[in-house]
Amino acid sequence: MEEKKTKAKKKPSKKSEFELCKVCRFHHDQGPRHKYFPRHKELLSAFLNRFRSKIADVRFFLKNPSFLRPQEESQNRVWCVFCDEDIVELGSSFACSKAINHFASSEHHKNVKQFLWKHGPSMDCADDFKISDADVAKWVRKCTALGNKDASSCRGQLSSDIHNNKLEFERTEKVQTHYINPNDLNDVKPLLYNTNEYQISHSGVTHYGSHLNLDASHLPPGVIGMTSNSSSLYGDSTGNVHTGAPPPWLNPNGGNIYNQSDITKVQEKLPAKTSKLNPHRVGAAWAERRKIEMEMEKRGLAVNINTDADWLPNFGRVWQSGTRKDSRKEFEKEKRKLVVTAESISMESEERKLVKTESISVESGEPVQIQPYVSKRARPKNLSGEEVKTGFRLEDLRRG
Amino acid sequence: MESVLLPTLTKKEEIDRIINNTIDKVLVLRFGRTSDENCLLLDDILEKSARDVSKFATVALVDVDSDQVQVYVNYFDITLFPSTVFFFNAHHMKLDSGTADHTKWVGKFHEKQDFIDVVEVIFRGAMKGKMIVHCPLPPERIPKYQLLYKDV
Chain Y
5 MEEKKTKAKK
15 KPSKKSEFEL
25 CKVCRFHHDQ
35 GPRHKYFPRH
45 KELLSAFLNR
55 FRSKIADVRF
65 FLKNPSFLRP
75 QEESQNRVWC
85 VFCDEDIVEL
95 GSSFACSKAI
105 NHFASSEHHK
115 NVKQFLWKHG
125 PSMDCADDFK
135 ISDADVAKWV
145 RKCTALGNKD
155 ASSCRGQLSS
165 DIHNNKLEFE
175 RTEKVQTHYI
185 NPNDLNDVKP
195 LLYNTNEYQI
205 SHSGVTHYGS
215 HLNLDASHLP
225 PGVIGMTSNS
235 SSLYGDSTGN
245 VHTGAPPPWL
255 NPNGGNIYNQ
265 SDITKVQEKL
275 PAKTSKLNPH
285 RVGAAWAERR
295 KIEMEMEKRG
305 LAVNINTDAD
315 WLPNFGRVWQ
325 SGTRKDSRKE
335 FEKEKRKLVV
345 TAESISMESE
355 ERKLVKTESI
365 SVESGEPVQI
375 QPYVSKRARP
385 KNLSGEEVKT
395 GFRLEDLRRG
Chain A
318 MESVLLPTLT
328 KKEEIDRIIN
338 NTIDKVLVLR
348 FGRTSDENCL
358 LLDDILEKSA
368 RDVSKFATVA
378 LVDVDSDQVQ
388 VYVNYFDITL
398 FPSTVFFFNA
408 HHMKLDSGTA
418 DHTKWVGKFH
428 EKQDFIDVVE
438 VIFRGAMKGK
448 MIVHCPLPPE
458 RIPKYQLLYK
468 DV
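Residue numbers (the working numbering), protein chains in the order written: chain Y, 5 to 404; chain A, 318 to 469.
Among the hints, erroneous ones may be present.
Unchecked claim - Here are the simulated BS3-like pairs of lysine-lysine, each with C-alpha atoms no more than 25 Å apart in a straight line:
1) Y:Lys333 to A:Lys328
2) A:Lys445 to Y:Lys280
3) A:Lys461 to A:Lys411
4) A:Lys329 to Y:Lys341
5) Y:Lys295 to A:Lys445
6) Y:Lys337 to A:Lys411
7) Y:Lys333 to A:Lys329
8) A:Lys342 to Y:Lys329
9) Y:Lys280 to A:Lys342
Claimed, not checked - Sample of chain Y residues with no beta-carbon within 10 Å of chain A, all distances over it, derived:
10) Ser110
11) Ala288
12) Ala291
13) Arg321
14) Ala382
What the hints contain is simulated information worked out from the structure, not anything from laboratory work. Here a beta-carbon is modelled for each residue, glycine too, at the ideal position from N, C-alpha and C.
Isolated chain Y, as found in the complex (with noise of 0.2 Å):
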């Protein structure tokens, strides 16, 4: 029983294995403890949110299915952190399909699981990483729809550059094999990415990175990167550089990209400077929104009426507590009260005056007393001791 109660004892101190944390990068003996250490909480706050903004770029392009590039393949490419592999677009017809396909998989699913298990304390946060199914369905959807427009606008279409050409090819799927020399692909490796089962089974197909290894003349002029469902960006007859066409910001007919309102336009050259300001500093808001109205006016498009004569600005009073909303609520009802104690002396003096004068004539419309002419001394005074005034407090007379 004792050997057991010192058994029980030594536990807590007992120490585990060193292990590595992924996400402290460092190794530590902590054991199961670590994970709810201050230090890796908010390392690990960190990495999720690193990885979070990688997500949220694939899930743009889960919402928006554009179309990949061969040349733009190498750069959309996502490490997987909770698999621990690169996740890289090689011969996708579609931006990011295969990192949407990833995060989809059960594999993905069961390795976040696990990685929160072992790292974070919480497993609210497992469904920001992963994409559901019927997320890729609809995604699904969208890119055939998309594929089926492209191709049936596009096809028959013949022009002597070399990125239409490449275009044709891929559309009408023919394998040029006839230009490709089959002994070559024996010899030359292409040296931008590793043979693996996508090269080997699709034979004949050359990547767009590797025409510098082959036999130029062998190939056509521009290289063929050919996959069954690609289709381009150049699916359009807007033409190119090549072709000498126009460019779209002087397109005549506008440009859907340049066809903004002024309010984007003039956005798009402050962000320059202002950028470099403190978002947080006072009235920044009011300072880009005022910055916008001042390059429009200077534009000449649109005249900003700022001339409010009750404007008043955001100001916090001395003998107010509270926001300075308040501070301006108040000083408008003493402006208020002002006006209407100023109305009521005009009318008073105005009726004093028609006393004095004995005359009946009424002109503010309220019926008047008659009554004889009472001299200052015998007039009657207000508790403080002082006639009735104007309503100023009695700092206007230090104001002399």
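We have chain Y; now place chain A onto it with these hints.
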């Protein structure tokens, strides 16, 4: 020494315009009258320092004797002259100098550098998002005054 003629504002619209057009810079508005000796001393310091602070501050003078300006004199609770009010991006900046009134600077500055220091502190505070800042000047350089509430 160069003296820059500071704009003197006599109308509410002019004050509104200068507040709205001063962006990302401290706006220093001096409320006073040219017949006052303290005001003249303050104006001298403002004129001499205006160029030094021009990158982060704009200075303007407001004549309190003008009728159209009275609404601001009331709104800003200005009872003693000269008074200097600070703005940043149309937001009022408060200055805690150990006096009763944090909403403005009452009186004159001892020297040019004091004014520059105050404006710099206000600018730094404003850029960090603070609407009230502590005055960097020692108490002996801060003018003392008695603030009365309705003559009480």
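Which numbered hints fail: The structure breaks hints 11, 12, 13; every other hint is satisfied.
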